[in-house]
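**Student:** As a plain string of letters, each chain reads:
4 protein chains.
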Amino acid sequence: MKLAFRNACFSLSSRRLNPNPNLPLRPFSVRTASKFSVSPSLRRLGTATLCSASMAGGEGHTQPPPPSYPPLEKQFEGFRVQLDESGGLRERIRAVVMEVESTARIMHASLLLVHQVRPTPEVLERPKAQIGVLKELYNRLAEVLRECPGQYYRYHGDWRGETQTVVSHLALMHWLETGNLLLHTEVQEKLGLNNLEFGLDIEDYLIGLCFMSNELPRFVVNQVTVGDYDCPRKVLKFLTELHAAFRMLNLRNDFLRKKFDGMKYDLRRVEEVYYDVKIRGLTANDDSTGETTKQEQQQGHV
Amino acid sequence: MKLAFRNACFSLSSRRLNPNPNLPLRPFSVRTASKFSVSPSLRRLGTATLCSASMAGGEGHTQPPPPSYPPLEKQFEGFRVQLDESGGLRERIRAVVMEVESTARIMHASLLLVHQVRPTPEVLERPKAQIGVLKELYNRLAEVLRECPGQYYRYHGDWRGETQTVVSHLALMHWLETGNLLLHTEVQEKLGLNNLEFGLDIEDYLIGLCFMSNELPRFVVNQVTVGDYDCPRKVLKFLTELHAAFRMLNLRNDFLRKKFDGMKYDLRRVEEVYYDVKIRGLTANDDSTGETTKQEQQQGHV
Amino acid sequence: MKLAFRNACFSLSSRRLNPNPNLPLRPFSVRTASKFSVSPSLRRLGTATLCSASMAGGEGHTQPPPPSYPPLEKQFEGFRVQLDESGGLRERIRAVVMEVESTARIMHASLLLVHQVRPTPEVLERPKAQIGVLKELYNRLAEVLRECPGQYYRYHGDWRGETQTVVSHLALMHWLETGNLLLHTEVQEKLGLNNLEFGLDIEDYLIGLCFMSNELPRFVVNQVTVGDYDCPRKVLKFLTELHAAFRMLNLRNDFLRKKFDGMKYDLRRVEEVYYDVKIRGLTANDDSTGETTKQEQQQGHV
Amino acid sequence: MKLAFRNACFSLSSRRLNPNPNLPLRPFSVRTASKFSVSPSLRRLGTATLCSASMAGGEGHTQPPPPSYPPLEKQFEGFRVQLDESGGLRERIRAVVMEVESTARIMHASLLLVHQVRPTPEVLERPKAQIGVLKELYNRLAEVLRECPGQYYRYHGDWRGETQTVVSHLALMHWLETGNLLLHTEVQEKLGLNNLEFGLDIEDYLIGLCFMSNELPRFVVNQVTVGDYDCPRKVLKFLTELHAAFRMLNLRNDFLRKKFDGMKYDLRRVEEVYYDVKIRGLTANDDSTGETTKQEQQQGHV
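Going down the list, the protein sequences come from chains A, B, C and D. Just so you know, full-length UniProt numbering puts 58 at position 58 of the first sequence, and the rest follows in order with no gaps. Just so you know, full-length UniProt numbering puts 227 at position 227 of the second sequence, and the rest follows in order with no gaps. Just so you know, full-length UniProt numbering puts 221 at position 221 of the third sequence, and the rest follows in order with no gaps. Just so you know, full-length UniProt numbering puts 18 at position 18 of the fourth sequence, and the rest follows in order with no gaps.
No lab work stands behind these hints: they were computed from the structure. A quick note: this is a predicted structure, and the numbers were derived from the prediction, not measured. Just to be clear, a hint being listed does not mean it is correct.
One copy or any two copies: either way a pair holds, since identical chains are not told apart in the list.
Stated by the list, open to error - Below, simulated DSS-like cross-link-like pairs (lysine-lysine); rule was C-alpha separation at most 30 Å, straight line: (1) Lys237 to Lys258; (2) Lys264 to Lys278; (3) Lys264 to Lys237; (4) Lys135 to Lys258; (5) Lys128 to Lys237; (6) Lys278 to Lys237; (7) Lys128 to Lys264.
Let the hints inform the model, and build the full structure from the sequences given.
**Tutor:** Structural data, given as structure tokens:
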């Protein structure tokens, strides 16, 4: 049988190629044997199998199957174990990410208040209360990932969207509080991501900033409505700096690039609001510079 | 002014939150300072920066900017360097992958001959000659990736398609030669991928097998036309075993799953051809051993 | 006025930059003047203006406008002339291409007969009669293009689709007549395109061959229906050679690549038809080789 | 066999058509032979092959294949060489264009400052510094194209988008400096495109102007906010002239036409800003000369 099979498509001449049909299998069995023998110890680590769930050394870490098994089944048995493990890992990641997502939603809900009132520390207290929860969740996510070193980017897609949203909320809150951009390292600190194994991907951080930028035109319009005529100037200054900083980057033609291209519309919209306020000489009720005053005088002529 | 900005949207009360507006920046500047000081050496390694191109520790590896720089610009300057490096890496990967793709095409072109004649060792010589070229190319790819340990899955998408094609060709050649499935470890050996850093992703291997399976119905049809009436039985046996092995796996609802679902149509078509041959009693005019007959008896209830 | 305009956005300080507002215009006017002076002669050539209709030296070839004209209007007047000329050229190309298209349609209509009867020289007489018409039309097209050397690829898109169709018809007719592939040089000869100025683009030729290939499965099915059991073998041999030849090419991921990928389905379909004929031992009424005979004997057992 | 093949689908009668099946090949082989003999020298020139990479004379420039080769393979071998060369050329073009794109981005980044401050010669120094870099890059691009005379429009699509962006930046800078439109010849001079082989396509120039126009409403809004109340009048005058000049052109229904249609929205927006300023009697607090007043009188019927 094996014989017939081995010479699947060759005439007798081919058998000369391969006098002993069993030989070609020998090195293989040996190879696998050796692999399988080391595997149990690796299994104990747990990490190992996951780590290589879908990689080279991968099928090395499956338990030794009965020698009776044909190599094909033996291999697929190994794959089954590894795919199940990586599937299980995905499930656990997914579970944490769902919590991240709902925490981010709660944060956003309370953050939305800033569109109705002048933001005060009190307004930000509730969204800020969620930061601790998120830190805890990312800590759990990092633990899950710790089981498979070097696989960050393999599962990255499973949490990046939620993380971008989180970044946008944190950055908006930080700007409201300090008037400064929340830096990458500061996000990492807030979320406890500042370890080399599990950090905040730069592109996710940048995309998060773009999402935050999308919120600003609406914010400016609403602040002017509630009488803060100086808000447009501040937001414009901030957004202009942010936009200029982004322009330093050589963005490939990808999602980040697309998001960034959208930022200029936010910028334009804020400029328009600032223009409306200036042209009407609506006085900023704070450090109005000489020019503002001059402009107010000019208003006199109208 | 900076002060006014810092308290962008807060009444005085907010200042209490943050008595010394400059303090929150101190630890950051320190952190970056220290980072930036180590960076030149890291730059020299090259690896380091790439490695973290888009990760947490990332912005640590940019050269020290003049202390004058505001943190925002400083950060984006760091990002620029890292994104450019990872972009450059992508370009280099792309260059090698293009060569893999064209080598695979040459291999396929000569492999296609098996659809016109009865495959002999001679027919397989030319496609086999390309294996060495591929091994060399994967070696170069591994070298590029070696510059950024733990980033295999970050760039994986850039070569996986071509690799799946390569696997399908190798697996077909191997089956033609030995009548056995080319195992994952054997592909890795042929392509020199058997190191932990840069191996063959299991899903890519499995998808490659699905592609090979798609070739088999055509092969069977053509072999029968050139008079090998025993080929359908052999292919059917092989494909049945392969299909059964795949069924052991818990496939998530992804590309692999979709490809595998296609395999059953290959199986069905091969069964039909086998049926055509049997129903016409076309006897295998080649080394049909005793067990072929036994097998035919088993097939009796067809 | 000019003065106020010139300093559009500069404070006085800027005027120092540019003490004499008229100076910067001098060299410009001179430049244009000289250009415009040479242009009439060029106009006479006709070619010249077209040739550069939308290119560098372009606006040099417009007739001298009254010196009164401001440079902006002067320039756009030049553009108007050139865009109109290139538009006119496009119209003339379009007119010829429409005739090519309808001639190709006539050719196709009479060529379709080969799907109902066994092709004979008589059947091909009518489509062949159109070749002369096409040659004449391409000659007219070449004349139009001769007016703007080096602009072949600028207007190429206007006729390539129709040309690909023409190639597919000619190639099918040629194969029916000779059993060989119509070569690129042979198409050029038939259509009088063998001059360096206006030739047949290789990609158009190749795409045309792909279109021809799409006709073959239907042809094979119909020929078997009218009793030509040897047709599948011939078509299969031809299509296999053609497909293998295409595989030598490094096709970029473009339209040609897409069309070529489709060819393998034609090949598969023809193989299936050939298989049906063989498995039923339908005797080819021509040089049936020993193998075929053996196969017929085997049929005896059924 | 060849014979049987040649008369693929004809009865004997057809053979009369073509008494000597080998004859039709003779002239071809001769033709190619001669061509192939000259080719090596051409290969050395490099240019030649590229030049005709995908054109009529094309397959003439492949190295002489062994006479054994069948014409079909011989032809495709020629195509392979030519397609590879043209693909290589595309790669080299792409590399330069990527640099053009990133230089244009740097230029734009520094040019954006004019939206925050009153433009001064100092502000324009940085973007102007990039012009030299661009000139150098276009020079390299021209060198690449020089390898295939008469193929400008074949590869044109690979750089036109970036070039349109470059034109829009240069035109904006020029207007800010001189209050005049940057003419086509002036762009060519700045970028060193004033040679007949490699120039600036007029449509690219015009599209670039449309892009510049899109920047002007934003510019006007921002200038008014920084207190330059005379800016709207100047921009309106410029944009009105530009729009009127475009109206002289007979634009086909293409991309340029679409872009131009957008210009009227820029015009409308600038008119609105000018209206806002006038209705509030915001006096231009800068060098408003007598003709400004005259101009205001003219605007009286606004």
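**Student:** Please name the hints from earlier in the document that this structure breaks, with their numbers sorted from lowest to highest.
**Tutor:** As far as the earlier hints go, not one is violated by this structure.
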